[in-house]
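Undergrad: Residue numbers (this note's numbering), protein chains in the order written: chain W, 554 to 1266; chain U, 9 to 201.
Read the hints as simulated data drawn from the structure, not as lab findings.
Nothing here was measured: the structure is a model prediction, and the numbers come from that model.
Careful: at least some of the hints might be erroneous.
Claimed, not checked - Under 8 Å between C-beta atoms, here's a sample of chain W residues computed to sit facing chain U:
| no. | residue |
| --- | --- |
| 1 | Y623 |
| 2 | Q624 |
| 3 | R759 |
| 4 | R783 |
| 5 | W921 |
| 6 | L922 |
| 7 | D1168 |
| 8 | H1235 |
Just so it is clear, CB atoms sit at the ideal spot from N, CA and C, and this is done for glycine as well.
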Amino acid sequence: MSVIGAQTANLVANQGLPPTRISRARRATFFSFVGVGTVAGIWLMYVFLSEGGMRKAEWALLAVFAPLYYQLNMGFWTALFGVWIMNRPKADPLDLWRTLSADDYRAPITASTAIIMPIYNEDVTRVFEGLRAIYESLSETRQPETFDFFILSDSDDTNKWIEEETAWLELCRQLNAFGRIFYRKRRKPINRKSGNVSDFCRRWGRRYRYMVVLDADSLMSGAMLTSMVRIMEKNPGVGILQTFPKQIASDTLLGRVMQFAQALYGPPFMAGLDYWQGGEANFWGHNAIIRLAPFIENCALPPLPGKEPFGGHIMSHDFVEAALMRKAGYAVRLLPAHHGSYEEGPPTLIDMLKRDRRWCQGNMQHFWLLFAKGWHPMSRLNFFHGILSYASSLLWFLFLVISTFLAATHPGHQQPQAILAEQILLGLTIALIFLPKVLILMDEMFTGRMFKPLGQRVMTFFSSIGDTIVFTLMAPVLMVFHARFVIYTVLGKGVRWVAQRRRMDGGVDWAETIMTFWSVTTLGLAWGVIAFFIGWAFLLWFIPILCSMLLAVPVAIIVSGRRSGQRLGLFRIPEEADPPLVLRAMNQRLNVVKDRIPLQPELERHFGLMQVCLDPYVNGMHVSLLRRRKSIELSRDYLKKLENRLLKDGPTSLTPQEMKAMMHDTDTVTNLHYHLWSAKEHELAPFWSLAIRQHNLAATNPFTHLLAQRDNE
Amino acid sequence: MEAVNIAFAPATGTEEEWNEAYARLADYFRSYRLHNRIRRTQLILETLRRAAETHALEPEKSPTAHAIEQARGMLRTWLGSIYEGLNLTESQIEATGRLGFHLCDGPDRWPHFFLDDDNLPEDMADAMRSVVQASGPSLQISKMTPREIDLGKITEITEDTIDTLGRHALLRYAVLLLMVGGVLGYLFWLLRV
């Protein structure tokens, strides 16, 4: 096994790369501000704590304070630089959009591009209607010939698998896109999403110059896709081009607050990040375009030392792939853009925490890579920031614990110098937290970047106050959970790979919410009692954190609910007021599918299985797509037994593994179809009797059940 | 296909059994989305006629099972004549054929010719043959081999430590106990009167 060079390679070509001179000047400027801000904060804290000499606990407090203050400064200065860049009269000389001329937009695209969407037990209708909207938007650009679509499935739920195949076939039939949209199902989901992408690269990577990676909830316009390819063509030094996916389509309070905050504060942060990250930006795993040849050559992921969760397969592969790409000499760039790249967010606080748990584990794994040889210093810094984004919660928690301890054991500060330092530090910290928000809000008020009508700008102001309240209430709760996730990861408690919930199916699950958050309330209660005994002054200082901990359960229920302020005009984003065509097209079709007549819940739950067994076309399709294998006598007997069980006792009598084994065997699937139709009523489980009776209702036609139909059908 | 004989009088099986077979066949052919009821009825009666013959030879099997078996046989014969010469196995023909009929809109365009071996419209056969699908383009295999990353000394030491702790549960708990004991001891020392 060859070892990657111990040095970062020189950049392979200069187009699209920020010149070293500019990058260094920018980073020197940026980090000077961050450094000054951090050092000033640490010094003020030291002055405050050192009254009467530094005790060990005070040193400990200062030690956890320093990285927290650094992180606060990073966010503050990134936003400030972003606001400055967005408002300066001269355009950014490094802006990649400027590399395209009017002629470039007119020239036909010749580079072959694969648009890949790795999926895992996702909502099939959302995935394929999203894909249809992207496909049609791309067709409108009159440049679709060089783009191919790949749905790369790792779904291990048999129903989802069959539904995916059915939806793929129907979509291709409707769009006449056979040979343009491909479906691939892996038998074994080795190395999860990154393994799925690598599998694609190994099989078909050489056919394409570029690969656009999408998430199951991604949505991109054709104009954005073609622009990305054109930018890559004009800038051969760029290996990965990451767009800024705007969050859309939320219907819960949390989702709408998050998408509003991202719409308002995201662009300046993105501009600020682009300013100091330059050619060493990060890849966020989706809504990005990748130059395939260097990716295949350099970005295969080795396993990390040790076992999961801390070692083993790399979960957050995107940061590592970005670092490997940069190491190979290709730039990783951000593409600030306000339209054309979208994603969806978690609908509830619990879903958000589940996602954070995975991200936390992935980021903590990067600890192994922090000290590896050969990274570009900025890639190392990206790893460090990733770790810090979760470790900071544990540090904040420790900060509060040590503060409580000091308050209980320290007589209080008397010296005017210490009190002055405390007051300045408090003022500075408040400015670091709130000033970026105020500046960005003022920028919106004056420029109307999001909304032109004055009324909507005023509502943006009120929405901003609302989002500050929501995030203030959630922050301590997130701190407790993130701190717990970090500890779990270090102690070796890993997470399972589960499908993400992206939309609310029903109402808020009160029992689940109470079970999840009662521990935070209890912790808040205990801490409140301790603070009360320490003294009123400490209790008062601590009360905002205590309140949000005590209110964790009601806050979680409220933010996960559908009363999202939409009727009052709060938290509106431009995509809600005037949806882009690609989103409008997708939503229209999703509504059509939502309005269809549902089947009995039992049949809906096993819809894929029902269709593959009963419908002659779905059965034929599934068998046609299976790889043929020689079956041995032993497996024949085993599969025969499973088949009998399935018919007699229904789908719930088989484990997911047994079901999968059956569905992978061509003869078994074919025979199932005939045996089911041949069986007498009393030989079948009630599920199948019901399924046969219901199968021929118009609504259960699998091809109309999962996807909207064309207008003329 | 021969003219349908409406006078259906099977020699074996009960009326109830044949009614059940009829109902199942009706459902089965409807699942092919053949909306033409006359054609569906023709198919059902022809299948039942064949099923009645085989049931007389093998009465231990239900008429429903015979009927579906006959329907499968008719489908195989019909598809065999369409996909003749395409080098497909019998089961491939069966699966691909059903899919092909759906993809070329067969149920809407050629409902009268479904399972009719004597009348195969050339355009239908061509359409069904042309839609033999593959789910992916031809492979162009690349090597994507992970290259080892030199993790450096600090990582190596950490890895060794974690590895050692991972292999010795007793040592792991001793370290944990030492840490918790240390913190508690320190707190006790700080809070002593």
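Undergrad: All hints, please: hold or fail.
TA: Structure-based check of all given hints:
This hint is violated: W/Y623 has a C-beta 20 Å from the nearest C-beta of chain U, more than the 8 Å allowed. Annotation: W/Q624 was flagged as interfacial toward chain U, and the flag is violated, the nearest CB pair being 22 Å apart, outside 8 Å. Annotation: W/R759 was flagged as interfacial toward chain U, and the flag holds, the nearest CB pair being 4 Å apart, inside 8 Å. For W/R783, the interface hint is violated, the least distance from its beta-carbon to any beta-carbon of chain U being 24 Å, above 8 Å.
Among the interface hints, the one on W/W921 holds; its C-beta lies about 5 Å from the nearest C-beta in chain U, closer than the 8 Å criterion. With a least beta-carbon distance of about 7 Å to chain U, the hint placing W/L922 at the interface is held under the 8 Å criterion. Evaluation of the W/D1168 hint against chain U yields a held restraint, the C-beta minimum of about 6 Å falling below 8 Å. Hint status for W/H1235 relative to chain U: violated, with the closest Cβ pair at about 11 Å, above 8 Å.
The structure is inconsistent with the numbered hints 1, 2, 4 and 8, although it conforms to all the rest.
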